[in-house]
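K.L.:
What follows is each chain in one-letter form.
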Amino acid sequence: MGVIYPPIRQWDFAGGALRATLAGVRPAGSLCKESGAFWLGDRAAVARVTTVVLPSGDGVMESSGRWQVSAEVFGSISRWVTPRRLCLLGMAHTHMPGVPVRLSQTDRSHGVHVPGFLEIVIGNAGRDTDHRVWGWHVYEDGRYRRLLEPELSVRISLAFEIRIDVWRADAHGVYPGGTDEQPNVQ
Amino acid sequence: MDTAGQLGSEQAVRQVVDHEIVVVTVSYLPAPNSFNHKFSNQTAIGTVRADAMNFFGVSDHKDRDVHEFFLEFEGRRLTNMTETLEQLLGRHRHEAHFHLVEQVTKGSV
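For the record, the sequence lines run as chains R and U. Be aware that the first sequence starts at 1, since it is given in the working numbering, and climbs by one per residue. Be aware that the second sequence starts at 187, since it is given in the working numbering, and climbs by one per residue.
Among the hints, erroneous ones may be present.
Restricting the straight-line Cα-Cα distance to at most 20 Å, the calculated cross-link-like pairs of lysine to aspartate or glutamate (DMTMM-like) are [to be verified]:
(1) Lys292(U) to Asp249(U)
(2) Lys292(U) to Glu254(U)
(3) Lys248(U) to Glu288(U)
(4) Lys248(U) to Asp141(R)
(5) Lys292(U) to Asp237(U)
(6) Lys292(U) to Asp58(R)
(7) Lys33(R) to Asp170(R)
(8) Lys224(U) to Glu269(U)
(9) Lys33(R) to Asp58(R)
(10) Lys224(U) to Glu281(U)
(11) Lys292(U) to Glu140(R)
(12) Lys33(R) to Asp128(R)
(13) Lys292(U) to Glu72(R)
(14) Lys248(U) to Asp128(R)
(15) Lys224(U) to Asp237(U)
(16) Lys224(U) to Asp251(U)
(17) Lys248(U) to Glu140(R)
(18) Lys224(U) to Glu272(U)
A partial selection of chain U residues facing chain R, derived with a Cβ cut-off under 10 Å [stated by the list, open to error]:
(19) Ala217
(20) Asn219
(21) His223
(22) Ala236
(23) Phe241
(24) Val244
(25) Asp251
(26) Glu254
(27) Arg263
(28) Thr265
(29) Asn266
(30) Gly276
(31) Glu288
If you want the footprint, here are the derived chain R segments under chain U, 3+ residues with CB under 8 Å [to be verified]:
(32) 11-24
(33) 79-87
Worth flagging that the hints you see were computed from the coordinates, not collected in a lab. Idealized CB from N, CA, C, for every residue including glycine.
Based on the sequences and whatever the hints tell you, model everything.
P.N.:
This is the structure we're talking about:
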């Protein structure tokens with residue numbers, strides 16, 4: 001198992017990944033619906049998130065209490081990822097205002113169950129811009145565990161030099177969704 | 187002593203061996219490496235699925251919901267687990283790339 005899923009000591013993000021995620025989830029949030037994003041990159045001891053994929057449309061359910069991505073969307077992203085040698089490192093999704101940023105039982109059940117996988121909950125329908133108040137959870141020893149300070153600051157790093165690619169995905173394919181070429185200023 | 191019959195038989199065996207191997211690759215989105223294995227073309231899709239799931243350390247299970255893994259091939263979900271690689275690919279194709287995908291069906295709880 002360790003060879004298949006190399007242990008991750010730290011996740012490096014560009015501020016662009018977080019901005020792209022927030023920009024992707026806020027339109028649904030403004031309609032009081034949950035939404036989310038896939039974070040992809042290189043899996044290694046220091047994993048780098050280089051790509052944000054925003055599922056929407058066919059195969060994606062956004063509602064006030066649930067964000068669900070169908071197996072067909074996972075399939076289309078998997079086909080797209082193969083030649084790019086990217087790996088799904090984590091998923092972020094929103095909770096509505098007043099709902100804690102911890103994983104619900106449904107979130108825990110529907111999450112990806114492989115070691116080191118990240119599940120992030122963004123509060124206030126995507127209006128919480130400070131990633132340190134998001135709910136960061138890592139799958140370890142057969143369950144999701146919340147990352148709290150000081151571990152959070154040690155293991156989650158904003159690596160300013162990473163350029164972020166942003167894509168959109170549905171059950172039929174993956175499409176360009178813009179590229180974050182702005183200097184990361186967070 | 188070689189006979190025409192023995193030579194013919196060896197040639198036939200070689201032809202069978204040449205034909206029966208399929209190089210299979212299975213990708214799983216959260217895994218950095220793919221599952222790569224050579225199967226007989228008489229191998230059932232269910233066997234490929236089971237071997238790939240074992241490689242990736244995942245299993246069908248039930249908690250609040252029902253979690254099932256399936257193989258996708260060229261955008262199509264494979265549901266017939268007894269279908270062989272030869273039946274899926276035809277006799278002349280010797281490689282196949284599958285994607286392992288999890289289907290979560292909401293439970294009744």
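K.L.:
Against this structure, judge whether each hint is valid.
P.N.:
Verification of the hints:
{"no.": "1", "hint": "Lys292(U) to Asp249(U)", "in the structure": "holds (10 Å)"}
{"no.": "2", "hint": "Lys292(U) to Glu254(U)", "in the structure": "holds (11 Å)"}
{"no.": "3", "hint": "Lys248(U) to Glu288(U)", "in the structure": "holds (12 Å)"}
{"no.": "4", "hint": "Lys248(U) to Asp141(R)", "in the structure": "holds (18 Å)"}
{"no.": "5", "hint": "Lys292(U) to Asp237(U)", "in the structure": "violated (26 Å)"}
{"no.": "6", "hint": "Lys292(U) to Asp58(R)", "in the structure": "holds (18 Å)"}
{"no.": "7", "hint": "Lys33(R) to Asp170(R)", "in the structure": "holds (17 Å)"}
{"no.": "8", "hint": "Lys224(U) to Glu269(U)", "in the structure": "holds (17 Å)"}
{"no.": "9", "hint": "Lys33(R) to Asp58(R)", "in the structure": "holds (16 Å)"}
{"no.": "10", "hint": "Lys224(U) to Glu281(U)", "in the structure": "holds (9 Å)"}
{"no.": "11", "hint": "Lys292(U) to Glu140(R)", "in the structure": "violated (23 Å)"}
{"no.": "12", "hint": "Lys33(R) to Asp128(R)", "in the structure": "holds (15 Å)"}
{"no.": "13", "hint": "Lys292(U) to Glu72(R)", "in the structure": "holds (16 Å)"}
{"no.": "14", "hint": "Lys248(U) to Asp128(R)", "in the structure": "violated (34 Å)"}
{"no.": "15", "hint": "Lys224(U) to Asp237(U)", "in the structure": "holds (11 Å)"}
{"no.": "16", "hint": "Lys224(U) to Asp251(U)", "in the structure": "violated (34 Å)"}
{"no.": "17", "hint": "Lys248(U) to Glu140(R)", "in the structure": "holds (19 Å)"}
{"no.": "18", "hint": "Lys224(U) to Glu272(U)", "in the structure": "holds (13 Å)"}
{"no.": "19", "hint": "Ala217", "in the structure": "holds (6 Å)"}
{"no.": "20", "hint": "Asn219", "in the structure": "holds (7 Å)"}
{"no.": "21", "hint": "His223", "in the structure": "violated (14 Å)"}
{"no.": "22", "hint": "Ala236", "in the structure": "violated (16 Å)"}
{"no.": "23", "hint": "Phe241", "in the structure": "holds (7 Å)"}
{"no.": "24", "hint": "Val244", "in the structure": "holds (7 Å)"}
{"no.": "25", "hint": "Asp251", "in the structure": "holds (5 Å)"}
{"no.": "26", "hint": "Glu254", "in the structure": "holds (9 Å)"}
{"no.": "27", "hint": "Arg263", "in the structure": "holds (8 Å)"}
{"no.": "28", "hint": "Thr265", "in the structure": "violated (12 Å)"}
{"no.": "29", "hint": "Asn266", "in the structure": "violated (17 Å)"}
{"no.": "30", "hint": "Gly276", "in the structure": "violated (21 Å)"}
{"no.": "31", "hint": "Glu288", "in the structure": "holds (6 Å)"}
{"no.": "32", "hint": "11-24", "in the structure": "violated (count 0)"}
{"no.": "33", "hint": "79-87", "in the structure": "holds (count 4)"}
When the structure is compared with the earlier hints, violations turn up for hints 5, 11, 14, 16, 21, 22, 28, 29, 30 and 32 and for no others.
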